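In order, the protein sequences belong to chains A, B, C and D. If you count the first sequence from 1, you need to add 5 to reach the working numbering. If you count the second sequence from 1, you need to add 5 to reach the working numbering. If you count the third sequence from 1, you need to add 5 to reach the working numbering. If you count the fourth sequence from 1, you need to add 5 to reach the working numbering.
Note that these hints are calculated values from the structure, not bench results. Among the hints, a few may not be true.
Same chains, same label: a pair holds when it works inside one copy or across any pair of copies.
[Stated by the list, open to error] Below are the SDA-like pairs computed for lysine to any residue, each with C-alpha atoms no more than 20 Å apart in a straight line: (1) K72 / N84; (2) K53 / V126; (3) K53 / R129; (4) K53 / D85; (5) K72 / V104; (6) K119 / D76; (7) K119 / E25.
Computed from a predicted structure; not experimentally measured.
Protein chains: 4
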Amino acid sequence: MNPLLNASHLFTWPVRVYYEDTDSGGVVYYANYLRFLERARTEWLRAKGFEQTHLMTYHHVIFVVRKVQIDYLSPARFNDTLSITVQVDAVSRTTIEFVQRVVGERECARARVKVACVDAVTFRPARIPNELVQTMESCQNGH
Amino acid sequence: MNPLLNASHLFTWPVRVYYEDTDSGGVVYYANYLRFLERARTEWLRAKGFEQTHLMTYHHVIFVVRKVQIDYLSPARFNDTLSITVQVDAVSRTTIEFVQRVVGERECARARVKVACVDAVTFRPARIPNELVQTMESCQNGH
Amino acid sequence: MNPLLNASHLFTWPVRVYYEDTDSGGVVYYANYLRFLERARTEWLRAKGFEQTHLMTYHHVIFVVRKVQIDYLSPARFNDTLSITVQVDAVSRTTIEFVQRVVGERECARARVKVACVDAVTFRPARIPNELVQTMESCQNGH
Amino acid sequence: MNPLLNASHLFTWPVRVYYEDTDSGGVVYYANYLRFLERARTEWLRAKGFEQTHLMTYHHVIFVVRKVQIDYLSPARFNDTLSITVQVDAVSRTTIEFVQRVVGERECARARVKVACVDAVTFRPARIPNELVQTMESCQNGH
């Protein structure tokens with residue numbers, strides 16, 4: 006495992022860099038890191054037992070991104086294998102704040118992403134389904 | 006005007022190549038030409054007086070792509086200005102076939118795109134709205 | 006002109022939302038706002054008389070994004086016309102900080118983007134070419 | 006295994022559909038299937054023992070797409086898991102023709118993709134490295 010990632014409870018999702026992700030500067034295009042971050046959040050949610058299609062159909066909610074802060078530290082390149090981490094930093098009744106990292110041979114990017122639970126049709130804030138809140142709480146307590 | 010484009014009735018839409026469109030090979034990523042082609046078809050439709058949001062809301066139809074044949078002739082690069090052409094080649098009750106070209110300093114790509122009119126919800130084939138058929142017919146007759 | 010944009014010196018670049026920009030939530034995908042922001046910065050640079058291809062070939066520098074902070078305020082949708090603004094907020098010898106907004110019928114997003122000038126090959130920090138610094142200074146002074 | 010895929014020698018690469026891949030029509034955006042096809046070709050090449058970065062550095066060649074024919078049969082949607090197949094259909098000294106399929110619950114797309122080996126700098130046709138030709142020949146013979 007990449008020594009840059011040493012937290013034992015960290016959810017990590019691997020991403021391979023394909024041509025589609027790069028630009029003519031020879032590196033991953035800056036907007037595409039946000040796609041990697043979302044893939045990892047989606048897979049983190051799935052690993053916890055939640056499918057977004059299920060949340061949409063049965064709870065009528067979707068998650069939308071409210072805020073992103075991202076620092077680009079070192080460029081990732083074509084064919085690199087990256088580890089995308091997901092860590093819940095704060096939870097409110099309708100929002101989740103994640104801290105995420107993109108790590109290849111070196112740390113490529115570090116981000117803080119605030120996601121809001123909204124009604125799937127009106128896009129108004131909605132309560133995060135209870136089961137998900139409980140799952141996140143038990144994770145933060147280290148269980 | 007680009008001498009490669011000499012047909013007087015050809016609809017043409019300009020596209021500037023940004024970093025987002027390129028890959029680390031230094032050229033436009035092959036899938037992105039399909040985005041350019043669609044931008045031009047959308048703007049062709051708009052130039053004829055049809056907004057897709059209107060077709061969706063009032064006619065309950067959307068257009069989906071059924072088939073693409075594309076030849077990549079010469080790579081387009083970062084910062085190039087491209088002309089994307091749109092020409093209707095064949096029309097049926099539910100489909101339109103376009104011939105499209107991507108032209109920079111040289112011809113970059115040539116494509117044939119078959120688009121189908123479908124119900125916006127069920128995705129089943131639907132008749133192309135009459136006004137649009139009439140507009141296309143009058144164009145093909147050179148009016 | 007959009008009344009949400011009333012500063013007389015603001016550089017503004019129009020962007021049309023196509024299918025390629027949206028996701029199945031029915032709105033513009035969050036990473037794609039970063040593509041819009043970059044198109045506007047590129048066109049701002051061009052409007053000031055600087056082509057990135059020229060900066061690369063003759064000054065051996067490219068601009069890379071170091072940091073993005075973006076707040077998503079209101080979702081943009083298919084077929085919307087957006088205005089992307091560009092405002093220089095701070096300039097150092099090797100970096101430029103932009104404040105940018107994405108405005109449709111409502112304000113969709115607000116961002117702060119820090120861009121660094123780097124050597125086109127080594128990606129090490131490089132001085133921003135003098136002519137560009139002077140151009141930015143004269144703009145900030147309101148000329 | 007998906008019963009739609011019953012050939013024993015078929016290389017198959019799994020792709021999960023994320024929001025980034027979809028559009029506001031609720032389905033995978035048509036250009037994005039080309040990204041999936043390329044991911045599978047890249048992984049097929051890797052499975053055969055060839056890294057594109059190695060081919061570039063030591064053989065000075067890259068692969069570029071010359072021609073795509075793709076039929077869209079049934080839309081893939083958010084959260085679907087797709088199988089992308091790769092089959093070599095024809096090989097010349099400088100080109101490879103692939104037949105590829107995108108299969109979810111139903112067959113979503115079928116494509117024929119012609120790829121050319123070119124010099125990494127001049128983009129002129131180049132011979133496919135011998136080891137790769139031999140590997141493909143042994144596969145076609147069913148070994």
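Homomeric proximity label, K72 with V104: Cα distance no greater than 20 Å: both (12 Å within a copy, 15 Å between copies)
Pop the pair K53 and R129 into one bin, within, between, both or neither, using alpha-carbon distances up to 20 Å. neither (25 Å within a copy, 36 Å between copies)
Treating 20 Å as the Cα threshold, decide for K53 and V126: within, between, both or neither. neither (25 Å within a copy, 32 Å between copies)
With identical chains treated as interchangeable, where does the CA-CA distance between K119 and D76 reach 20 Å or less: within a copy, between copies, both, or neither? So K119 and D76 pass the 20 Å test inside a copy (15 Å) and across (9 Å) alike.
With identical chains, the pair K119 and E25 could be close in the same copy or across copies; at 20 Å between alpha carbons, which is it: within, between, both, or neither? Answer is between: at 18 Å across copies they meet the 20 Å cutoff, but 26 Å inside does not.
Intra- versus inter-copy proximity for D85 and K53 (alpha-carbon distance at most 20 Å): between (27 Å within a copy, 18 Å between copies)
Between copies, within a copy, both or neither: which fits K72 and N84 at Cα up to 20 Å? For K72 and N84, the Cα distance exceeds 20 Å both inside one copy (29 Å) and across copies (23 Å).
Of the hints listed earlier, those the structure fails to meet are numbers 1, 2, 3, in rising order.
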